[in-house]
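So the sequence lines, in the order shown, correspond to chains A and B. For the first sequence, numbering that gives the first Met the number 0 gives the first residue as 0, with consecutive numbering after it. For the second sequence, numbering that gives the first Met the number 0 gives the first residue as 0, with consecutive numbering after it.
Derived from the structure by calculation, the hints contain no laboratory data. No residue lacks a Cβ here, since even glycine has one placed at the ideal position from N, Cα and C. One should not assume that every hint holds.
Subject to a maximum C-alpha distance of 25 Å in a straight line, what follows is the list of computed BS3-like cross-link-like pairs (lysine-lysine) [to be verified]: (1) B:Lys413 to B:Lys399; (2) A:Lys299 to B:Lys110; (3) B:Lys72 to B:Lys110; (4) A:Lys278 to A:Lys299; (5) A:Lys461 to B:Lys461; (6) A:Lys72 to A:Lys110.
From chain B, some residues computed to sit far from chain A (all C-beta separations above 10 Å) [stated by the list, open to error]: (7) Asp13; (8) Gln14; (9) Gln62; (10) Lys130; (11) Arg194; (12) Ala316; (13) Val321; (14) Trp330; (15) His334; (16) Asn335; (17) Ala446; (18) Ile454.
There are 2 protein chains.
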Amino acid sequence: MNAPLPSHLVPQIDQRPVPAALIEALKERFGANCSTAMAVREQHGRDESSFESPPPAAVVFAQSTADVADAVKLAARYEVPVIPFGVGSSLEGHLLAVQGGISIDLGRMNKVLNIHAEDLTVTVQAGVTRKQLNEELKSTGLFFPIDPGADATIGGMSATRASGTNAVRYGTMRENVLALEVVTADGQAIRTGTRARKSSAGYDLTRLMVGSEGTLGVITEITLRIYPLPEAISAAICSFPSIEAAVRTTIEVIQLGVPIARVELIDHNSVRMVNAHSKLGLREEPMLLMEFHGSPAGVKEQAETVQDIASQYGGKAFEWAVTPEERTRLWTARHNAYFAAIQSRPGCRAISTDTCVPISRLADCLLDSVKEADESGIPYFLVGHVGDGNFHFGYLLDPKVPREREIAEALNHKLVTRALALEGTCTGEHGVGLHKIDFLVSEAGNAAVEMMRTIKRALDPKNIMNPGKIFTL
Amino acid sequence: MNAPLPSHLVPQIDQRPVPAALIEALKERFGANCSTAMAVREQHGRDESSFESPPPAAVVFAQSTADVADAVKLAARYEVPVIPFGVGSSLEGHLLAVQGGISIDLGRMNKVLNIHAEDLTVTVQAGVTRKQLNEELKSTGLFFPIDPGADATIGGMSATRASGTNAVRYGTMRENVLALEVVTADGQAIRTGTRARKSSAGYDLTRLMVGSEGTLGVITEITLRIYPLPEAISAAICSFPSIEAAVRTTIEVIQLGVPIARVELIDHNSVRMVNAHSKLGLREEPMLLMEFHGSPAGVKEQAETVQDIASQYGGKAFEWAVTPEERTRLWTARHNAYFAAIQSRPGCRAISTDTCVPISRLADCLLDSVKEADESGIPYFLVGHVGDGNFHFGYLLDPKVPREREIAEALNHKLVTRALALEGTCTGEHGVGLHKIDFLVSEAGNAAVEMMRTIKRALDPKNIMNPGKIFTL
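The following block holds chain A by itself, in its conformation from the complex (with noise of 0.2 Å):
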């Protein structure tokens, strides 16, 4: 049992009665598929983030759009929270059942529906993940770009807007959810748009659903743009003398609008505890992991044109990876850096800001906070994608040392701070859940955040749709 935290730093419970007629309804209607196991509840009452609440009372399994529709229609006629569940990656306590109510594991609704080629598009069911996605995809030549890290559902990152290391060429789930069927707060399923590449067709109630974490419907289907393999790829890693020289050369990289796929920073910290994990022998220093994509010509002028840039700066021990087993071996280092990390100290838990600021102020961004980080004498280590101004702190906390979280949140709340000054955002790609509902009215302003909640009582009149998240009603 952890520590007790000081209340400000605790997610508001209040958990809403379940009636025993809704659970006995719902094991009537799917039997086996809806568990009370204790054990079951549990692990969908958790996620990623520090956050702890009470369980949902019941998981149901969902096998089909109908299956997410009956338990919405049951859950709304007793006024009953509903919470989606894809793997439960969520850093930001999504799925946290802080107002009681049921969770609808998505992860069985789990097939490719139709891939088409031709047209550069794939449907999928919330509960494909994207890496099963792109094993899918592996024989059409075509791929899914968007990589959050974590093997996420699609309906997990549709509902999160999520992104990750190819956002800076390929774009977000905003810019790739081409359109999504979804359960809506009195269980229709709806379609919100179809596979033409463009539309003027009414409000954008796709847009709408990305991002909404939840709260407006369940994500049922999702329709996504795809890509062409690249005819070449190749990845670098580049050590800089400092931060800052990383930091520059990015912004220089973006300003000159090379297409790069991915520019990740790695500050010296990561690339430690990668190390110590990993057995990769990297140099301790903050390195740019970079890949690109194109034709064989257009990838060697972009990497000449970036190694340009990162020479300027200090960039030395430019290793290149080409093949794939290469480029692998390198992106290790990235994909293992929140793991190495937490094992760097055992027990801990990690906390993890996501602010994203305009590539200009990434310098003014992250060098304070830095600074602030290195002062505070917490653990911590920095990964960033940073083409697109988003980078993370992972603050790594002894869960027994309340002073500790209490720290970290204070580092977080000056990191956000300068950010919103800088005319960026507290949450680049993680969500808002429940730890940053304060920080989007600050962001958004009062005016804006109501917008969002006169939606969200329009929509879901009962509020039972992962209600606590994003805003408080």
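Assemble the complex: chain A is given as a structure, and chain B must be docked to it using the hints.
Quick look at chain B alone, frame taken from chain A:
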């Protein structure tokens, strides 16, 4: 005076009374910037559509967001509609005062507020036109790519989710608006986003407003993505033995992932009309106009790939243009197509279709519709942003012959039905306005349109924001 049209082709006019007290209050607040002169009202009560309606009761020329907010507050007090007006280039009746009310002209809010060249963003007032913006960007080496043809305002382009010739590479207003300032139905100004490239901070109010056609608020400021002018640009025209050959070439180019910047179809009718209008001496055959952006090597590579594909489909007479002057000459054919067509039949009006389908369905959708148009006997021209699967028939009607309008509407109806069956949309870029209210229901379904109505009712309870557009309430 035109002959009367069959009733189902006439927009429903039901103008609410505008109390004299409101007009007085507007005159007091806005002085000479509020006009009730009939010529001014009539100019603001029509657009490029073929619809007619009595004009708004007054026109307010806003100079600031505060002006817009005050005009909306006064209108709200008397429950009178407000209709935002840019340059009047809507093709779908967006500007018609079918429920009466006042027009808010944003044309004098025409300042480029700040250019953040280092972040590739710009913030403009809603009345800035796209040509003005590119003029003001010239010295920075950056440009705003979206080009719907008309020199529309950025506010109007946002409100209709416009796109045009460059969308195949750079996306539409959906992808390129980062944030908005919007005056809501209660006269408050809200901001919908930051200058960060990506964000997961709550509902995507930006995308909800983009394409809402003035029905949820008046857009007053827009923050846009801008792009470095490509190092190299090269344009080409290529004639084809048939529309099918041109379309199949396009499909293959897109499916291969060639990052072509523009690929426009111009049918032989359009070429004939443009030749007559501008004495261009082009081969009177279907043609593709293409543009390639990138590094010199990249552009050469793209162009070679496309030339190879085109020649497989019988494409001939590739004509290249590398200097700006030569490019302008080639693009004249495209840019003058609409006016050349109108002049080809003195006194005619054009009805423009706007379907957009997945690229693999383009030939199916287009070729059958060409056949029907040919058989109808109605003069027409056909142009298309075919790289996006979007194309426009322009049926050229004698407004004195209602039967022609009926035939054209029947052709459009067949075309939309076909596009929807092929998983496309009734409107790729013009919006719904008055013309496609029924089509939207066919496309999105009752439940999705009802969701739009629910949002509308919640955000505009008095139904004063451009009422009667997109859907009936």
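Evaluation of the provided hints:
Distance restraint check for B:Lys413 and B:Lys399: the Cα-Cα separation of roughly 24 Å lies within the 25 Å cut-off, and the hinted pair is therefore satisfied. In summary, the hint linking A:Lys299 to B:Lys110 is not supported, as the alpha carbons are separated by about 41 Å, beyond the 25 Å threshold. For the given pair, B:Lys72 sits about 24 Å from B:Lys110 by alpha-carbon distance, which is consistent with the 25 Å threshold. With a C-alpha separation of about 30 Å, the suggested pair A:Lys278 and A:Lys299 falls outside the 25 Å cut-off, and the hint is violated.
At most 25 Å may separate the alpha-carbon atoms for a hinted pair to count; A:Lys461 and B:Lys461 meet this at roughly 23 Å. Restraint check for A:Lys72 and A:Lys110: the C-alpha separation of about 24 Å stays at or below 25 Å, so the hint holds. For B:Asp13, the non-interface assignment is confirmed: its Cβ lies about 21 Å from the closest Cβ of chain A, beyond the 10 Å cut-off. Distance check on B:Gln14: its Cβ is at least 24 Å (rounded) from any Cβ of chain A, clearing the 10 Å threshold; non-interface status holds.
With a least CB separation of 22 Å from chain A, B:Gln62 remains clear of the 10 Å interface cut-off, as annotated. Once the 10 Å rule is applied to beta carbons, B:Lys130 is consistent with being away from chain A; the minimum gap is 21 Å. Not every Cβ of chain A is farther than 10 Å from the Cβ of B:Arg194; the closest lies at roughly 4 Å, contradicting the non-interface assignment. For B:Ala316, the condition that its CB be more than 10 Å from all CB atoms of chain A holds, with the nearest at approximately 27 Å.
Listed as outside the interface, B:Val321 is consistent with that label: its C-beta sits roughly 19 Å from the nearest C-beta of chain A, beyond the 10 Å cut-off. Every beta carbon of chain A lies more than 10 Å from that of B:Trp330, the smallest distance being close to 21 Å; the non-interface claim holds. Listed as outside the interface, B:His334 is consistent with that label: its C-beta sits roughly 20 Å from the nearest C-beta of chain A, beyond the 10 Å cut-off. With 10 Å as the threshold on Cβ separation, the claim that B:Asn335 sits away from chain A holds: the shortest Cβ distance comes to roughly 24 Å.
Not every CB of chain A is more than 10 Å from the CB of B:Ala446 (nearest about 5 Å), against its label as outside the interface. Separation of B:Ile454 from chain A is inadequate, the least Cβ-Cβ distance of about 6 Å not exceeding the 10 Å criterion.
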